[in-house]
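J.: What follows is each chain in one-letter form.
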Amino acid sequence: MTEPVLLARNLTKRYGRVVALDGADFELLPGEILAVIGDNGAGKSTLIKALSGAVQPDSGEMRLMGEPMLFRSPMEARTAGIETVYQTLALSPALSIADNMFLGREIRKGGPLGKWLGALDRGAMRRIAREKLSELGLMTIQDIDQAVETLSGGQRQGVAVARAAAFGSKVVIMDEPTAALGVKESRRVLDLILEVRARGLPIVLISHNMPHVFEIADRIHVHRLGRRLCVVRPQDVSMSDAVAFMTGAKEPPAALAA
Amino acid sequence: MHPPETTAEGPASFGHKRTALGRVQAFLHAYPTMVPVVVLALSLVAFGFIAGERFFSPFNLSLIMQQVTVIGILAAAQSLVILTAGIDLSVAAIMVLTTVAMGQLAVELGLPAGIAIPIGLIVGIACGTLNGLLVTRLKLPPFIVTLGTWNVFFALNLWLSGAQSIRSQAIDAEAPALKVFGQSFGLFGTQFTFGSILLLVLFATLWYLLNRTAWGRHVYAVGDDKDAAELAGIRTDRVLVSVYALAGLVCAIGAWAAIGRLGSISPQSFYEGNLQSITAVVIGGISLFGGRGSIMGALIGALIVGVFQSGLRLAGVDVLWQVFAIGWLIIVAVAIDQWIRKVAS
Chain A
1 MTEPVLLARN LTKRYGRVVA LDGADFELLP GEILAVIGDN GAGKSTLIKA
51 LSGAVQPDSG EMRLMGEPML FRSPMEARTA GIETVYQTLA LSPALSIADN
101 MFLGREIRKG GPLGKWLGAL DRGAMRRIAR EKLSELGLMT IQDIDQAVET
151 LSGGQRQGVA VARAAAFGSK VVIMDEPTAA LGVKESRRVL DLILEVRARG
201 LPIVLISHNM PHVFEIADRI HVHRLGRRLC VVRPQDVSMS DAVAFMTGAK
251 EPPAALAA
Chain B
259 MHPPETTAEG PASFGHKRTA LGRVQAFLHA YPTMVPVVVL ALSLVAFGFI
309 AGERFFSPFN LSLIMQQVTV IGILAAAQSL VILTAGIDLS VAAIMVLTTV
359 AMGQLAVELG LPAGIAIPIG LIVGIACGTL NGLLVTRLKL PPFIVTLGTW
409 NVFFALNLWL SGAQSIRSQA IDAEAPALKV FGQSFGLFGT QFTFGSILLL
459 VLFATLWYLL NRTAWGRHVY AVGDDKDAAE LAGIRTDRVL VSVYALAGLV
509 CAIGAWAAIG RLGSISPQSF YEGNLQSITA VVIGGISLFG GRGSIMGALI
559 GALIVGVFQS GLRLAGVDVL WQVFAIGWLI IVAVAIDQWI RKVAS
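Protein sequences appear in the order of chains A and B. Taken in order, the first sequence gives residues 1 to 258; the numbers are from the working numbering. Taken in order, the second sequence gives residues 259 to 603; the numbers are from the working numbering.
Just chain B, same shape as in the assembly (with noise of 0.2 Å):
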C-alpha cells in the first residue's frame, strides 16, 4: 500500500515535495551569493594545500587583497549596470580617461590636487551620465551604447594625454596626493594599502544603497522586469540613468585607487579591465539577466580571481593556466546560475 499523499495541492499551499537537491536549489535561489562564498572556502582550503604556509602568510593575504583592489571597484561598478539588466564595457575606459584627467590637471597643469581630483570624478559621472542617457532616451541596447562609448573614451584619454605616461616622480613631486591609496601599513605582519579599506568601505556603502534604500529596491525592480516596475509607479529611465552616473563614480573613484595601486599614469594601462570586471561580476553569482545576486558577490568574485592567481603562481603553475581556470570558473558560475533560477517556474 502506497502512504495516503500527504501534500495538500490547495491554491495557497506550496503543494510540492522537494528533493534534497531541489532544498539546495531553493536555498541558494534565496541567497545566491552562497555560491562564490563556498568557492572562495573551497579555494583556499585547496590552494593551502597546494601552495602551502606562504599562500595563507599574512603577507600573501594583504597581497591578495592589493591586487584585486581596482579590478574589484571596476566590478562594483559593473554589478550596479548588470543588475538593472544591463552592461558596461567602458568602466575600464572611464576609468582610465579619469586617471589621465586627474594627471594631467595636477601633474601638467600644476593644479592643487584638492581641485583636480574632484574634476575627476566629475569627469566619471559625466560619461557614465552619458551612457544612462544614450540607454534610455535613444533606447540602444545597453552592450551596444558601452561598446562605442569604449572606443570614445579611450580614444579621448589617448587624445588628452598624448598617448604618453605620466611618471611615478613626476606625481610624487607634483600631487603626492593623487598616490594616497597606493600607501601601506603594516599590520600583524601583513601590508594593506588604503586602497584596499577603499574597496572595502566603497562595497559597504554600495551594499547599503542595494539593500536598505528605496534606491536599491528601484534598481532591482527594473532589472528583474523593467515594464513591470514602471507599472507599479517607478521612474524606471530615471533609475537607470542614476546607475550609470553612478557607476561612473565609482570608476572615476577607482582611477583614484588605480593611480596609487599603479605609481604612475598610463593611458594604455587596465585595457583588459572591462572583461576582467564582468568575470568577477559573473563568478560573484550576479545574474546577467539582471534582478538578482547581492552586491557583496562581486567582491567575492573578485578575490576568488585574486586567489586563483596568487595561489597558482605560488605553486609555480603556468600563467596560461590561471587564464584557462578563469575561463572555466566563468561557464561554471553561468551554468550554476541558469539553474539556481529554474526554480521559479
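For reference, chain A alone in the conformation it holds in the complex (with noise of 0.2 Å):
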C-alpha cells in the first residue's frame, strides 16, 4: 500500500459543548484528487482547517509524508508544504498579478540593495508569475502587471490556484473553487485543477458540486456527524447515492465503510 502523503486518525475538536470532529479519519493519496462532501454541520470545515493549520484539534494525531505534523498558523502549514486556496481566495484586488502571486514571500534583490533596503527583485518576480500561469495554460491574461479586480471572477481563481501550485510542494488544498462561477468559468477552472494533479500535486477538493466532484474526483471523503461515513470511487456509487450517505437517507455498504 502506498503511503498517505496526508493522514489524520482520530481527530476531535470540541466547540463548548459542539462536537464539530468526533474521531475523524483522514487520507490522501500521492497524486489522487480526494473530494471532501458533507452536509452543512457535518465538520468538514473543521477538518479542512486542521489540516491547513487554521484550527488545532483537541486530540488525534496527523501526519504528513509520514511524519508527525502540528501546526499553530496557516503559515507554519505553508512552509511545510500545504497551500490552502480559500473560497474568498485571499487575493488583495488592488495589487497586481505578480505582487499577488508573492504576497507574503516577495523575493528580494541580491546584494546590499535587497539586504539592506529590503528591495524587491520585481524582474523575477514578474518572470515567475509568467512561468507559472503558462504551465497553467493561463497566459490569456496578458499583463502581469494588472490589477487583480480588473480580471473575471474564473481568472482570479486561476491565480489563486497558481500561486497554491507555484508554491505548494506537498499539498494543495481546494474550498469550493467553482462556487462563485459561471458554467464556462467553472469549466476553465476544473481543467486547471485537473492540470495542478498532472503536475503530481495531490488536491483536496471541498465542494457541494456533485457533477463537479463526480467528474474530477479520484475519491470521495463522505463526512458525516463530525467523523469520516465512508470513502468512495465515483465510478462505484451514483450521485444520489452520495448525497443519501451524506445526508443519512442510506447507508453505505458495509464494505465501504471506514
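Below, a list of computed lysine-lysine pairs in the DSS-like style, where the Cα atoms sit at most 27 Å apart:
hint	chain 1	residue 1	chain 2	residue 2
1	B	K484	A	K132
2	B	K600	A	K184
3	A	K49	B	K484
From the derived model, a few chain B residues whose C-beta atoms are all more than 10 Å from chain A:
hint	residue
4	A278
5	V282
6	M292
7	A299
8	A304
9	I308
10	E311
11	P316
12	I377
13	L388
14	T394
15	R395
16	L405
17	L458
18	A462
19	I588
Read the hints as simulated data drawn from the structure, not as lab findings. Where a beta carbon is used, it is the ideal one built from N, C-alpha and C, also for glycine.
Hints given; two lone chains; assemble the complex.
T.: Quick look at the structure:
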C-alpha cells in the first residue's frame, strides 16, 4: 500500500458543547484528487482547517509524508508545503497579479540593496509569475502588472490556484473553487485543477457541486456527524447515493464503511 | 444587418467593449495620480492667466513650496495611515508636541540640539506607536483612537509648554540647529529653503519604501483587504503598528521643519494641520477606503492647495473664497475616486 501524503487519525475538536470533529480519520494518497463532501455542519470545514493549520484539534494525530505534524498557524502549514486556496481567494484586489502571487513571500534583490533596503526583485517576480501562469495554460492573462480586480472571477480563481500550485510542494487544498463561477468559468477551473494534478500534486477538493466532484475526483471522502463515514470511488456509486450517504438517508455498504 | 458580435466572451478574455469614457476610467484606475497631476497643471495655467506674471515668478513658485512644506510632510504621514484604510487625526498634534519637546529640551533645559532632536524624533515614534497599538490591540477604529490621542497629545503639549511660546531669539541663542530647515538659498531668483528639500527627499524615500519593498506591498495589501492579507500570510497587525510608528516619525521630522518655517515654537500652532493633511491626501487621489493611490499624490495635493491659495491671493480674491474653492476640490476629488473604483465591478 502506498503511504498517504496526508493522514489524520481520530481527530476530535469541540467548541464548547458542540462537537465539530468526533474521531475523524482522513487520508490523501499521492497524486490524487480527493473530494470531501458533507452536509452543512458535518464538520468538514473544521477538518480542512485542522489540515491547513487554521484550527488545532483537541486530540488525534496528523502526519505529512509519514512525519507527525502539528501546525499552530496557516503559515506553518504553508512552510511545510500545504497550500490552501480559500473560498475568498485571499487575493488583494488592487495589487497586480505578480504582487499577489508573491504576497507574503516576496523575492528580494541580492546584494546590499535587497539586504538593507529591502528592495524587491520585481523582474524575477514577474518572470516567475508569468512562468507559473503559462505552465497552467493561463497566459490568456496578458499583463502580469494588471490589478487583480480587473480580472474576471474565473481568472482570479486561476491566479489563486497558480499561486498555490507554485508554492505548494506537497498538498493543495481547495475550498469550493467553483462556487461563485458560471458554467464556462467553472469548466476552466476544473481543467486547471486536473492540470495541477497532472503535475503530480495531490489535491483536497471541498465542494458542494456533485457533478463537479464526480467529474474530477479520484476518491470521495463522505463526512457525516463529525467523522468520516466512508470513502467511495465515483465509478462505484451514483450521485444520488453519495448525497444519500451524506445526509444519512442511506447507509453505505459495509465494505466501504470507514 | 448588424455586424456579428466580435467580442469573444470567453472565460479568460475581457469581453466587454469599452467606450471612450470607459477607457478614461480604466486609465485613471491604473494611474490614479493622473487626476491631481492634471488638476495641478490646469490650475497653474489658469492662475497664470488670472494672476499674471507675478504668479509664475521663480520667487513665487519657490514661496509656494515653502508654504506647503509643513502640511506636505503631515500629508505624507497621513497618506501612510490612509493607505491602510485608517485615518490619523493626531498627526498635527504629534508634530506640535514634538516641536515643544525639542524646544523645551534644547532651549529651556539647555541640552545640545544633537540630543534634543533625536529625543524629539523618539517622542514622535512613541506617539505613533501608541496609536498603532490601540488600533491593533484594542481593535478600535482608527478614527476614534486618533480623535482621542489628538486630545491627549494636545493636552500634553500644553502641559509641557506651560502654554507658553518659545521666541525666535531664544532659539537662535540656544539651539540654532532647530531652525536649520528654515534657512534658504537663492537659485536663479528662487528662494528655496532646506525644508522644501527635506519635503522632496522625504516623499522620495516613502515612495521607495511603498513601491519597491515587501513592506510597502504589505501596506497596500492590508489597506485593500485585511482578511485576505492575513490569509496570504502577512502579519497585518505588525504592518499596521509599523505604519503608525513611521507616521509618528514623519510627523516628528515635520516638527523640525515646522520650527524652521515658523521661527518660533508655539503650542497653539498648526491647530488645523490634521484636517489640512487629510485635504491634501484626498485631493491627491489617495482613496480614503485604503489600498489605492500613490503617496506622490499627497505631495501634488498639497501643492494644489498651495497654488490655489497663492493664485487667488495674487488675483486679489478674498481669503474666504480660497476656503470655498478648497472645499469643492475635496468633494470633486472624492467623487472622482468613487467613479474610478467602479471600474472593478
